[in-house]
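Mind docking chain B on chain A? Use the hints.
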Amino acid sequence: MWKFILRRILGMIPQLFVLSILVFMMAKAMPGDALTGRQMDPKADPERIAEQRVQMGLNDPVHVQYIRWIKNIAHGDWGVSYTHKTRVTEVIGDRIWNTVYLAFGTLLITYLLAIPLGIISGRWNDSWMDKAITGYNYLGYATPVFIFALLMLFLFSFTFALFPAGGSVDPYIEPGTFSYVLNKINHLVLPVMSGALVATVTTVQYLKNEIIDTKTRDFIRTARSKGIPDSKVYSGHILRNAFLPIAAFLGYEITGLVGGSVFIESIYSYPGIGQLFVTSVMLRDFSVVTALVMMTSFATLLGTLLSDIILSAVDPRIRIE
Amino acid sequence: MDNVSFTVNENEIVAVVGESGCGKSALALSIMQLHNKQRTKIEGAIRYRDSDLVALNEAQMNKLRGKDLGMIFQESLTALNPLMTVGRQIEENLDYHTDLTKKAKKARTMELLAKVGIPLPEFTYKQYPHELSGGMRQRSMISMAIACNPSVIIADEPTTALDVTIQAQILDLLKSIQKKTHMGIILITHDLGVVAEIADRIVVMYAGQVVEMGTVLRIFKNPRHPYTRSLMNSIPSAATGQDRLHVIEGAVPSITRMPRQGCRFKDRISWIPDNTHENSPELHEVASDHWVRCSCYKHFYFQGRKEKR
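The listed protein sequences correspond, in order, to chains A and B.
The numbering used here numbers the first residue of the first sequence as 1 and each following residue consecutively.
The numbering used here numbers the first residue of the second sequence as 1 and each following residue consecutively.
Just so you know, these hints were derived from the structure itself, not from any lab.
Don't take every hint at face value.
Stretch-level coverage of chain A by chain B, calculated; a stretch enters the list once three of its residues show a Cβ under 8 Å from a Cβ in chain B [stated by the list, open to error]:
hint : segment
1    : 210-219
2    : 224-230
3    : 233-244
4    : 308-320
Taking CB as the label site, the calculated pair distances span [as the list claims (entries may be wrong)]:
hint : chain 1 : residue 1 : chain 2 : residue 2 : range
5    : A       : Leu-182   : B       : Lys-103   : 49 to 55 Å
6    : A       : Pro-316   : B       : Ala-59    : 29 to 35 Å
7    : B       : Val-247   : A       : Thr-304   : 50 to 56 Å
8    : B       : Gln-169   : A       : Pro-316   : 22 to 28 Å
9    : B       : Thr-181   : A       : Met-1     : 27 to 33 Å
Output of the computed footprint for chain A on chain B, the stretches with three or more beta carbons under 8 Å from beta carbons of chain A [what the hints assert, rightly or not]:
hint : segment
10   : 53-63
11   : 90-104
12   : 284-291
Built from N, CA and C at the ideal position, the CB exists for glycine as well.
Looking at chain A on its own, in the form it has when it is part of the complex (with noise of 0.2 Å):
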C-alpha cells in the first residue's frame, strides 16, 4: 500500500514536468505581457517601458525563460507577481483559505442535500416524492450556475438584505474573535448555497440511479430470500454497493478545493483562487498563473490518487499492491 502510494507519487514529478512545459509555452502563446497595459498610458515613457523588458527577461528566447523558471520553481521560488507586487506564494496564501472555505461548505451542503434525496428517490422510485426531487433535479439541470447565484444575490442580498453582497468578511473585524468567524460563515452562505444548490442534482441523479440499479442486483435477491425486512436490505446491501462510485468519486473534489470557482467567486466578487485567476490571465500576470495552473494539476494528480485509495478501501475486489 504505501509503496504503491510512493510510486505513484513519484509518478507524478515527470507528469508534472511535461505539463510545465505546456503551461508555461500556453502562458507566452497569449498576446501580450504584463505591461502590454503600460503603453497605453499616455505618461508611461516608451523606453523606459522597453527597458523594463529587457530587465524582466521578456525579450530573451522562450527556453530560456522557461529554463530560468523552472529553475526558481525547483528552489520553491514561484517568482513576483506582477500585479500585486508581492511574493506569488503570498499572493496565493492569501487567497486559497477563501477558496478551501468555500468549496468545503459547497461539498458539505451538496452531500447534505444530494444523499437523502438520492436515496429517497431511488428507494421510492415513482413515488410523488421521487417525482418531485426529479423535478427539481431537471431545474438544477437546466440552470447555469452563473444565472442562478445572480438571481440568488438579487433576492437575498439586494431585495431583502439578508446577507451581504460580496467579499469574505467585513473590514474592522478582530481576527480570531468569534464575531469574525460568523461574520466569515455570514458572507459564505450565499456563495456556499449559489454553488451546492446546483451541484446537488448531479449527485442526486447519479445516486438515484445506481440504488434503482443495484436493487435489481441478484444478490439483493439473494438477501431477501434470506428474509431480511425490506429497510435491512437497503441498509445492508443496496445502499453500500449504490455508494461505491460516489465514493470514489470524493477524491476528485479536492480538486475543486483548491481550484475555485470562477462563476460564484466573481460574481460574488469572493477572494478566492478562482477569482484571482481570472484577473491575473487579464493582467497577464504570468507567475500567478502558471503558479495558479500547477497547482490544480497537482491537485488534481492527488485527487486521482487519493480516488483510487478510497476506492481500495471501500471495495474489497479492488486491493492496490
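Relative to chain A, chain B alone:
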C-alpha cells in the same frame, strides 16, 4: 403461468424441467414471494404446512424465508454481495431467525461451511465471494440456504453455471444434505441428466403449464407428452451414434404471443393433425401418479420416422 399445481413432500426431490422461458424461475420466485408484486397477479394458493404463502404479509413471509424455506440461486458470483464476506452473509441468515449469541453464530457458520465441504472454514469465513472458485461459492450459497435447517429448499438451476465435475459434487452434496435433514427440495433445471441422477419426481413445464408429471422412473421409461418425448429425444447419446442432434422445432412463445386457447405445444408439432388436440387441454391421469396434459400424446410421432405409436 397457468394452473401449475404440484406437491412436495418431506424427504422428496421434485425436479421442475423445461426449456428457458417456460416459467420455471418465475415459479420458484413466486413460491418465495420474491416476484415483482406490481407486475404480477397471483390467483390460488401456495400452501406450506398450515399457511397459504400468497395470503401472508411481508413480515410474516420474512419469518418463513430463510428459516423454513431456503433458496439456492443459479449464478453464485452475482447472487452473493460482493462487498460482504462469505461468513457474514451466512451469519446474516442466523441474525434474523435465531437468537444465538455472536460467538454461537460464528461457530454455527463455521460448522455450516464445514458441512458443505469447505476445507478451511476459518479462512473462507473471512473471504469475499470473488476470492472463491465457482464450486466453493455454490457451496457457500448452499450453506446459506440450509443455515436454519429449512424444511423446503428451492434450488434454481444450482449447477448450470458450474463445470461438469463440480456439478456432480454439488448434486452429491445436495443429496447427502437431504438424506440427513429429510427436507423437501424443488430442483429447477433444464438438465435431464441432473434429474435422472437425483430427483424422485418430475414436473415437466412448457409455456407456463405443467404438461406432464410423475415419478422419475415412469417418465424416463415411458414419457407420454410430445414435449417430454422431444426433450428426452434431444439428449445427446453415445449409444445411437447419430450425426445430428434432435432439435424441437420453433421456440417457446413469448408471454405476449402465448396461445390462450388450445394446446400450447401445437405450433411446434405442426405435423400432428389439429383435431387430435383438446380445445382446453386438461391433465389426465394415464397411470398411477403419472399425469399428461392434452390428448395429442396419443397420436404423436417424430417427424421423419413416420412411426405411429
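Hints and how they fare:
1. 210-219: holds (count 3)
2. 224-230: Satisfied; 7 residues make the cut.
3. 233-244: holds (count 5)
4. 308-320: holds (count 4)
5. Leu-182(A) / Lys-103(B): 49 to 55 Å: holds (52 Å)
6. Pro-316(A) / Ala-59(B): 29 to 35 Å: For Pro-316(A) and Ala-59(B) the Cβ distance comes to about 32 Å; the hint holds.
7. Val-247(B) / Thr-304(A): 50 to 56 Å: 53 Å Cβ-Cβ, so the 50 to 56 Å window holds.
8. Gln-169(B) / Pro-316(A): 22 to 28 Å: holds (27 Å)
9. Thr-181(B) / Met-1(A): 27 to 33 Å: The hinted range 27 to 33 Å is violated for Thr-181(B) and Met-1(A), with Cβ atoms some 45 Å apart.
10. 53-63: holds (count 5)
11. 90-104: n = 4 at 8 Å, threshold three: holds.
12. 284-291: With 0 residues close enough to chain A, the hint is violated.
The structure does not agree with the numbered hints 9 and 12 stated previously, though it agrees with the rest.
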